[in-house]
Amino acid sequence: MARRAGAPEVNAGSMADIAFLLLIFFLVTTTIETDAGLDRMLPPIEPPEDDVVIKQKNIFQVNINKNGQLLADGELIELKDLRGKAMAFLENNGDGSCTYCGAGKKDASSSDNPTKAIISLKNDRETKYGTYITVQNELVGAYNDLRNRESERLYKRSYTDMEAEYSKQETEASVKEKLKEKLTRIKEMIPQKLSEAETTSSSSN
Amino acid sequence: MSRYRKKSTSVPEVSTASLPDIVFMLLFFFMTVTVMKDTVLKVDNVLPHATEVKKLEKKDRVISIHIGKPSSELREVLGSEPRIQLEDKFANVSEVGPFVLAKLAKMPEHIRPYVTISLKVDKKANMGIIDDVKEELRKVGALKINYTTYEGEVFRDR
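Chains as they are written, first to last, in my numbering: chain A, 1 to 205; chain B, 206 to 363.
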């Protein structure tokens, strides 16, 4: 009868073991993933009303064929040379109006200034997606390299770094406001004009 | 000296009574951050690598489209042509537009202009199917796209 006086205590010693087991399960199954990738804007379906005449020299034509070979401005080039070529084209500064194009060659047959330069990317229907992304990456990289250089010069901070902070949810509104101003300035200096033309089908080639 | 010796002989045991609490705390953390996959992938989805990536913040503003070869167990039935997977079923190119519009309609109006279409495409897929999808997206006015990639050195893909 004396034993009835207090309810017997449940041994909680194995609770830690159980909790550990669950913990390990969740540790193993958790994948904290944030997706990342290359942002692009598609052109609107309606053609623009006023046809803009673009000089041939302001267009840097990049073609990828179905074997993954690259044709940039009429030359067959290696993928790793693309970024350099694109940068040279962008800051060519043909009309001399660009004050910040340091290494511009002022070649008369290449782009007038960064705000006019357009890179046009064309691909075959049988191009591998991996190759396409690599080319996209290099072209975006060319723009980013130039923007980073200018941003580093003006604000002592890289463009990509500022952009990452701007798109973060945690960043305060006042900080965002300041960042936006700087980002817009850089974007105006070196606008990203990367057009994706419609694909040529392999039968027509 | 004698006093010092006396102390060192009886080391007090560290209490492990709070260990379950600590473990539970960790457990709850992982339980809350875990996201169970909402779709079962029916296509191969090895994304390419890129270095100039931007993070896709805000999960609620992203619509994913998977493209790739049917996975190995489905390949016997469906062949090895790249297919489009929307949510958890295969779809034709013509179904992409209505799918995106239906998804957009479910979202609150103020976030609709900021919605990004995340294209998760297997790196071995051909551009043809992607161009078709892009054309469909242009038709419905979903122009913000993101080629979702892994972060890493690009040239090893080739």
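Because the hints were derived from the structure by calculation, they are not lab data.
Some hints here could point you the wrong way.
In silico DSS-like cross-links for lysine-lysine, where the CA-CA straight-line distance does not exceed 25 angstroms [as the list claims (entries may be wrong)]:
#1 B:LYS308 with A:LYS66
#2 A:LYS193 with A:LYS116
#3 B:LYS260 with A:LYS187
#4 B:LYS260 with A:LYS182
#5 B:LYS349 with A:LYS187
#6 A:LYS80 with B:LYS259
#7 B:LYS344 with A:LYS178
#8 B:LYS349 with A:LYS176
#9 A:LYS55 with A:LYS66
#10 A:LYS168 with B:LYS274
#11 B:LYS311 with A:LYS180
#12 A:LYS178 with A:LYS156
#13 B:LYS311 with B:LYS325
#14 B:LYS344 with A:LYS182
#15 A:LYS57 with A:LYS105
#16 A:LYS122 with B:LYS259
#17 A:LYS168 with B:LYS259
#18 A:LYS193 with B:LYS325
#19 A:LYS66 with B:LYS260
#20 A:LYS106 with A:LYS178
#21 A:LYS178 with A:LYS80
#22 A:LYS168 with A:LYS178
#23 B:LYS263 with A:LYS168
#24 A:LYS122 with B:LYS263
#25 A:LYS193 with B:LYS349
#26 A:LYS66 with B:LYS325
#27 B:LYS264 with A:LYS122
#28 A:LYS193 with A:LYS55
#29 A:LYS122 with B:LYS311
#30 A:LYS187 with A:LYS122
Negatives, chain B to chain A, calculated, CB over 10 angstroms [unchecked claim]:
#31 THR239
#32 PRO253
#33 ASP327
Incomplete in silico selection of chain B near chain A, CB under 8 angstroms [said to hold, decoys possible]:
#34 SER215
#35 LEU232
#36 LEU291
#37 LYS294
Fair warning: this is a prediction, and the values are worked out from it, not measured in the lab.
C-beta atoms are modelled at their ideal positions from N, C-alpha and C, and glycine is treated no differently.
How the hints compare with the structure:
At most 25 angstroms may separate the alpha-carbon atoms for a hinted pair to count; B:LYS308 and A:LYS66 exceed this at roughly 34 angstroms. Only pairs whose Cα atoms come within 25 angstroms are accepted, and A:LYS193 paired with A:LYS116 is accepted, the gap being roughly 8 angstroms. Between B:LYS260 and A:LYS187 the alpha-carbon distance is near 19 angstroms, which keeps this suggested pair within the 25 angstroms criterion. With a C-alpha separation of about 20 angstroms, the suggested pair B:LYS260 and A:LYS182 falls inside the 25 angstroms cut-off, and the hint holds.
Taking the CA atoms of B:LYS349 and A:LYS187, the gap is about 18 angstroms. The hint holds against a cut of 25 angstroms. Proximity of A:LYS80 to B:LYS259 is assessed by CA-CA distance (about 21 angstroms); at most 25 angstroms being required, the pair is judged to hold. Pair hint B:LYS344 plus A:LYS178 does not hold up; C-alpha atoms about 36 angstroms apart against a cutoff of 25 angstroms. Straight-line distance between C-alpha atoms of B:LYS349 and A:LYS176 comes to about 21 angstroms, which keeps the hinted pair within the 25 angstroms bound.
Pair hint A:LYS55 plus A:LYS66 does not hold up; C-alpha atoms about 28 angstroms apart against a cutoff of 25 angstroms. Among the hinted pairs, A:LYS168 with B:LYS274 is inconsistent with the structure: their alpha-carbon atoms are about 34 angstroms apart, more than 25 angstroms. For a cut-off of 25 angstroms, the pair hint linking B:LYS311 to A:LYS180 is broken: about 30 angstroms separates their Cα positions. Only pairs whose Cα atoms come within 25 angstroms are accepted, and A:LYS178 paired with A:LYS156 is accepted, the gap being roughly 14 angstroms.
Pair hint B:LYS311 plus B:LYS325 holds up; C-alpha atoms about 22 angstroms apart against a cutoff of 25 angstroms. At most 25 angstroms may separate the alpha-carbon atoms for a hinted pair to count; B:LYS344 and A:LYS182 exceed this at roughly 34 angstroms. The hinted pair formed by A:LYS57 and A:LYS105 meets the criterion: a straight-line CA distance of about 14 angstroms does not exceed 25 angstroms. At roughly 23 angstroms between alpha-carbon atoms, A:LYS122 and B:LYS259 fall within 25 angstroms of each other, so this suggested pair holds.
For the hint pairing A:LYS168 with B:LYS259, the CA-to-CA distance comes to about 11 angstroms; that is within 25 angstroms, so the pair holds. Using a Cα cut-off of 25 angstroms, the hinted pair A:LYS193 and B:LYS325 holds, with the two alpha carbons roughly 24 angstroms apart. For the given pair, A:LYS66 sits about 30 angstroms from B:LYS260 by alpha-carbon distance, which is inconsistent with the 25 angstroms threshold. Straight-line distance between C-alpha atoms of A:LYS106 and A:LYS178 comes to about 34 angstroms, which puts the hinted pair past the 25 angstroms bound.
Our distance criterion of 25 angstroms between C-alpha atoms is broken by A:LYS178 and A:LYS80, whose separation comes to about 36 angstroms. Taken as a hint, the A:LYS168 and A:LYS178 pair is honoured in the structure, with Cα atoms around 14 angstroms apart against an allowance of 25 angstroms. Restraint check: the Cα-Cα separation between B:LYS263 and A:LYS168 comes to about 9 angstroms, which is no more than 25 angstroms; the hinted pair holds. Between A:LYS122 and B:LYS263 the alpha-carbon distance is near 31 angstroms, which puts this suggested pair outside the 25 angstroms criterion.
A threshold of 25 angstroms between alpha carbons decides the hint, and for A:LYS193 with B:LYS349 the separation of about 15 angstroms falls inside it, so the pair holds. Proximity of A:LYS66 to B:LYS325 is assessed by CA-CA distance (about 21 angstroms); at most 25 angstroms being required, the pair is judged to hold. Taken as a hint, the B:LYS264 and A:LYS122 pair is broken in the structure, with Cα atoms around 31 angstroms apart against an allowance of 25 angstroms. Among the hinted pairs, A:LYS193 with A:LYS55 is consistent with the structure: their alpha-carbon atoms are about 14 angstroms apart, no more than 25 angstroms.
Proposed proximity of A:LYS122 and B:LYS311 is contradicted: the alpha carbons are some 35 angstroms apart, above 25 angstroms. Restraint check for A:LYS187 and A:LYS122: satisfied, since their Cα atoms lie roughly 24 angstroms apart, inside the 25 angstroms limit. With 10 angstroms as the threshold on Cβ separation, the claim that B:THR239 sits away from chain A is violated: the shortest Cβ distance comes to roughly 5 angstroms. For B:PRO253, the non-interface assignment is contradicted: its Cβ lies about 4 angstroms from the closest Cβ of chain A, within the 10 angstroms cut-off.
Listed as a non-interface residue, B:ASP327 fails to keep its Cβ farther than 10 angstroms from every Cβ of chain A; the least gap is roughly 7 angstroms. Checking B:SER215 against chain A: minimum C-beta separation of about 24 angstroms lies over 8 angstroms; hint violated. With its C-beta approaching chain A no nearer than about 5 angstroms, B:LEU232 sits inside the 8 angstroms limit, and its interface hint holds. About 17 angstroms separates the beta-carbon of B:LEU291 from the nearest beta-carbon of chain A, more than 8 angstroms, and the hint is not met.
Evaluation of the B:LYS294 hint against chain A yields a violated restraint, the C-beta minimum of about 21 angstroms exceeding 8 angstroms.
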